[in-house]
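Asks: Going down the list, the protein sequences come from chains A and B.
If you use our numbering, the first sequence corresponds to residues 1 to 309, in order.
If you use our numbering, the second sequence corresponds to residues 1001 to 1480, in order.
Calculated directly from the structure, the hints in this document are not laboratory data.
Take the hints with a grain of salt, since some may be wrong.
[Stated by the list, open to error] What the simulated footprint calls covered on chain B by chain A, stretch by stretch (three residues with Cβ under 8 Å from a Cβ of chain A suffice, anywhere in the stretch; the number is not a length):
1. 1090-1099
2. 1107-1117
[Said to hold, decoys possible] Under 8 Å between C-beta atoms, here's a sample of chain B residues computed to sit facing chain A:
3. 1082
4. 1083
5. 1084
6. 1138
7. 1142
8. 1144
9. 1158
10. 1162
Given the structure is predicted, the values throughout are model-derived calculations rather than measurements.
Heads up, the beta-carbon is just placed ideally off N, CA and C, and yes, glycines get one too.
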Amino acid sequence: MNTLITRGIQALMVAVLIGAATFAMMRALPGDAAYRIAAGRYGYDNVDTAAADAVREELGLGGPALPAFLTWLGDLLRLDFGTSLVTGQPVIEEIGHQLGASMALAGVAVLLSLILGPPLGILAGLRPGGVLDRVLLVVSTGLKAVPQFLMALILILILSVQFRLLPAAGHGEARHFILPSLALALGLAAVNARIARDAMARIGAMPFYSFAQWKGLSPRQTLLRHGLRNVSVPLLTYLGLQFVTLVEGVVVVEAVFGWPGIGHALVHAIFSRDVPMVQGTALCLGLSFVLVNAIIDLVTQRIDPRRAA
Amino acid sequence: MSLLKAEDITVSQGDTPILHPVSLHLEPGEPLVILGETGSGKSLLAQAIMGTLPRDLAARGRVALGDRLLDAARPDGFRPLWGRQIAVLPQEPWLSLDPLMQAERQVTETHRLVRGLGTTEARVQAAADFDHLGLTGAGHRYPHELSGGMAQRAAIAAARAGGARIVIADEPTKGLDAARRDEVADLLLAELARGGGLLVITHDLALARRVGGRMIVLREGRVVETGPTKTVMDAPTQTYTRDLIAADPDNWAARDRQTAGAPVLTATGLAADRGGAQLFSDLSFDLAEGRILGVTGPSGCGKSTLGDVVLGLVPPSAGRVKRSEGLAPTAFQKLYQDPVAAFPRHRTLKGTLEDVARRHGQTQDRIDALMHRLGLAPVLLLRKPDAVSGGELQRLALLRLLLVRPKFIFADEPTSRLDPITQKHVIDLLCETAATEGCAIMLISHDPALVARTADQMLSLDPAAPNLDVTPTRVAGALQ
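Extracted from the complex, chain B is given alone in its bound form (with noise of 0.2 Å):
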């Protein structure tokens, strides 16, 4: 029998439906993933199963769980589900825990107001979640002391502490290193094997081949493919489904290895150091026009330190970093990780990038060529930021930097927010201006897979291998 199944679930806003009438069922042991870009309706159709859509949202449809029979149009009615029957998992789980309290107090709270289990029975249930979880000695820390991985661990045993047996996992691995990513799957997947239902909502296709089970596959919010995820990632049979596991870096075809062309920087025995713990040290490379420079690493390990301190942001503890002689002060440019935080709010976009040509010299005419070279329709520069995508924000970036005329561009996981479709046309994008503007880029990502097939160099930043090679060889070596 199933443990959940959902009826042609819609979501509307006022008249306009944005998510078409889906239907699933999930079984004990089996996952089923549900993969899609930002904005096709993957966390809609999610919380619209939970009860959990924002008020302007209306849903329709049946949720049949176990024995009880639930109206989405009601969202009260799922309220006595939560904790008790489906377990959330929030996004970011940095964010979903309680900032003035205690990691270990979030999870006792659970079990004994949830679960009803008695003050001493929670608080050693809780420490037993703990030790299970590998989090042993942390339960006293503060969100703010907890590591990604860690916080994301002490999230998934708040969750379940209610003793649910059905997990939703909304983008678990938003924002998570590789390493970091299979752990969480590994972790679902052990929570499944008790004989529960899981169901991942992601964007992100290693982590949906490691889950497995079933797949549906959402586009602007409507059913693009279904089955079992192997068959859909091995044998798509829709050209969306196609197109978008061709944007998974693991199959992106290597970029032909570009000639140098005049040195722009040289870096010689770069160290520096956090908080008194060392970062990296002794790490010298040198940087020509057009060549990319990947650096790869898991999170924490100073990729974006070593960034600020080729910019000069931030001063190394040793070595020193020699620009070329005759480099302009602004030469040197930094693409952010985060569009949205990168442009003012309030602003459109055509005044924030004109008074950017304005400052460097620049004409209209450059903005209109950059524009069209990018990709980017002209209207866009009349909206403000936070009405156009991640994506073309991103290259809106991008041109902004291109107006100051770089010769060194830092660009912080670029990507990291994008949808793989959207990311591989940014990561082209750059790829073309090395070429064509003759820049020098270092590109920063936790995907060793996107790194691999972008750079020319690459620098390992990864303290359990510490192999700081910057040679070719080794991006061929991390392509076997």
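One chain only, chain A, in its complex shape (with noise of 0.2 Å):
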């Protein structure tokens, strides 16, 4: 109940903090944001000075920040996420579609990496120091170091235009999530394989887990009874933690691939300066972070009872 409560109150700093600091940042962007906006509703070829004026005068664009601010806090209480200044759709219906395809590919994405790094991670936790240890260190720490853009630039080449066996961008059949998801996955599965390497290693090393063979477990029965369990806490928690890379991994896979996403949105609402668009997209993946913390602590201290107390 307590994690609820603090988790609460966290995600109504989040609300503030994430609002303030865009709507700050997108205020101090060099450039006319009336002729950004315009840009973005007609083309770049039809924005003039009186388009870029019609813009300003429609939404008030003159005026001081601190009343636009507060407006825009007053009306998120009311659950009203305002309008794209682009659009002029709503953005909360905006964010609902985009949203889902984002979730789609993290969705994905998270569990592959979760089939890729743990199993190896335990596996070379069960004998450190061994062949598979040194081997995966090297390439988990390989992975890790190269960056979203150029994975996903190195798994196209190779597997969409050296083999054509996969296709390089689109969105809507399955096989359009592989390179995505894969290139969000690499990296996830190589921190995921570490810190399960490292907890597997700890653990094995407890009284409790040579206790449990000297009772007569086997190998296999100790892992399974006694190492899993005790893994699955700080990979867990990890996970929670490692929902930042995810968001920033999307943004970038997405624009790579071309994927419908959040990421892409934000992305293009930056550049319009569509301030609405920018604010709600940020506060829904800032809040989105802590609903993911909020179900892990819950679901740690279901696993691990001393956590609860």
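Starting from the two chains in their separate frames, assemble the complex, guided by the hints.
Replies: Written as structure tokens, this is what we have:
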């Protein structure tokens, strides 16, 4: 219960901070916002001073910053995210549309990273210093060091351009998922594997792990009954933190593969100075971070009763 | 016929022998005690017999179990015996139970997977084990919700569930108070009465005496003395065994009563609680320079809390502690139970001590003088905490306190992790410090004999005997 209250307060603070930060940053960007919005609405070729002035007039862009921010905050409390300055559609509808696509991509990527990383990490952690452990250290450090946009390009070059196995971009079919989710998953799996490896090595060296075997359990039974549950706690906790990496990756990878998700939308909204869209999107990402961690808190408390105390 | 026979067991690290040839045999119904200090090789001997040595150590020798003959050099051969033929009781029961699994399920799984009972049968059997050990109703608790004694009993149930007839207990009473210690010994003996074998490895003389049977005394990897436990303990033939037995607090001579110096503190009407439950109330005492106040009581009765209240680290729920006027804020100091945890791990001791000396305006001469007085070799200062023995480190911890020129030292079980001979040495030094430095000392111990022979005043926090008498006559009473 305490967890939920803490997380609720956290969510509120996240909302205010993100709103203020995005608002300030958008105001601080160079250039005339009216021109950029007009360009977003009518296309770059159709923008002139008249169109920009019309936009300025319509949206009241010339006004002072503080009242505009407070209005946004007030609207937010009524769960009104405002309307996009470019399309004129309610922000919440736009986000709802894009969020689904992003969540599908992120979900597949996390699943893939969990299939790849932790099992290898656990195997390596059972024999610290062994061949698998050393190979995994090199491979995971290497994978983690490759930035996601580069990873995406390397995958495109190898699998789409060279071998023509998969489409380089697109959305809608199952095979379109493979490259973007793999580009995200490899980086996540590299770190997952390290966390699982360290947790397993630590738990394998604990007295209770030896004691379980002295009771007569086989190594396999010991791992299944006493190893996995204990490894899962640090792994889940880390998964919550990894959400930041995931969001960062989604923005980049969506841009590379032309995936119509929230990251893609955020980049476009920034270009065309669509402040309500930027605020709405950033808020949505920030709050989902709090939500994901609240869920993980509850799950780990269920697995590890010491945490509930 | 012997249950287990081990011949010429040796352990070596590379080319360095750590344990010289030892042979032993376990008979049904007759316990065998292996007595020795830390580093005597007693645990290694047990590990060699079980095939659980760390990888960098190699064992040699033959182990015969019933009609099976095993080679100690091939530890894999022992694995099928674990739980089925040999049950191993772990050192620290709390750490030996899976923290994320309810206690009774850890017994049930052994019945099911090792003994091969059906799911329901295993559950019924585990519940019966818990009832038998006086743990009725505690089966659904997680290890952190059990007391040390309960965890020890749950671990015994789990270790025995596989049906093994031979029990090897490695320091089964580490960190337990006297009452719990006897309880564990009785439990082990009860198991033995069913015709099994029992091997107890310990440095605890009281436990050894209670277990009885035969005894092997080990020192630095060699057998010093063997024989029936009672004979060895009553009439040791070797000097080392005599020293070891003389170091038992039960055999200490009582310390000469000190005359009190200037008063250091006065406590009036102290009370404290933990988690809503009252630990103690209405405690009043005063303490003067050179005096030692001994505090005893079972684990969890609030001994450490009382010390922290006196230090001002924990606020009392009632009453107050008045320090004498003119004392520096740092005049009240604490000597911790585990010296290893009280030193920064990656710094040399010299660096740590010099920091303290500089902060409190003490010179290198003072460090040297104290090193000499506490019987510490100067070369130790160049090492890191993990490269000196526990007894040396505890003396260094005392030295660090003395650099601050304390008037009051709260010593919280300062020797519970030390061997008997080292324990006596550290306690003697502590008593000497009270006299030479003019400190008041509050000494906490789970061992009433140790406190009775050391303290000038005594305070019992035992809830079963709520006589909070602090007069010296009580000390005399405790001695009889």
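Asks: Are three or more residues of the region 1107-1117 of chain B within 8 Å, CB to CB, of chain A?
Replies: holds (count 4)
Asks: So, residue 1138 (chain B) near chain A? Judge it on the closest CB pair being under 8 Å.
Replies: At about 14 Å, which exceeds the 8 Å cut-off, the nearest Cβ of chain A leaves the hint on residue 1138 (chain B) violated.
Asks: Can you verify the interface hint for residue 1158 (chain B): is its Cβ closer than 8 Å to any Cβ in chain A?
Replies: Result: holds, 6 Å to nearest chain A Cβ.
Asks: Holds or violated: the hint that residue 1083 (chain B) contacts chain A, with Cβ atoms closer than 8 Å.
Replies: Where the cut-off is 8 Å and the nearest Cβ of chain A is about 2 Å from residue 1083 (chain B), the hint holds.
Asks: Regarding the hint that residue 1144 (chain B) lies at the interface with chain A, is the smallest CB-CB distance below 8 Å?
Replies: holds (5 Å)
Asks: Holds or violated: residue 1142 (chain B) as interface residue toward chain A, Cβ cutoff 8 Å?
Replies: Nearest chain A Cβ about 5 Å off; hint holds.
Asks: Per the CB criterion, is residue 1162 (chain B) less than 8 Å away from chain A?
Replies: holds (4 Å)
Asks: Is the interface hint for residue 1084 (chain B) satisfied, with its Cβ closer than 8 Å to some Cβ of chain A?
Replies: holds (6 Å)
Asks: Min Cβ distance, residue 1082 (chain B) to chain A: is it shorter than 8 Å?
Replies: holds (5 Å)
Asks: Please count how many residues of the region 1090-1099 of chain B have a CB within 8 Å of a CB from chain A and say whether that reaches 3.
Replies: holds (count 8)
Violated hints amount to a single one, hint 6; each of the other numbered hints is respected by the structure.
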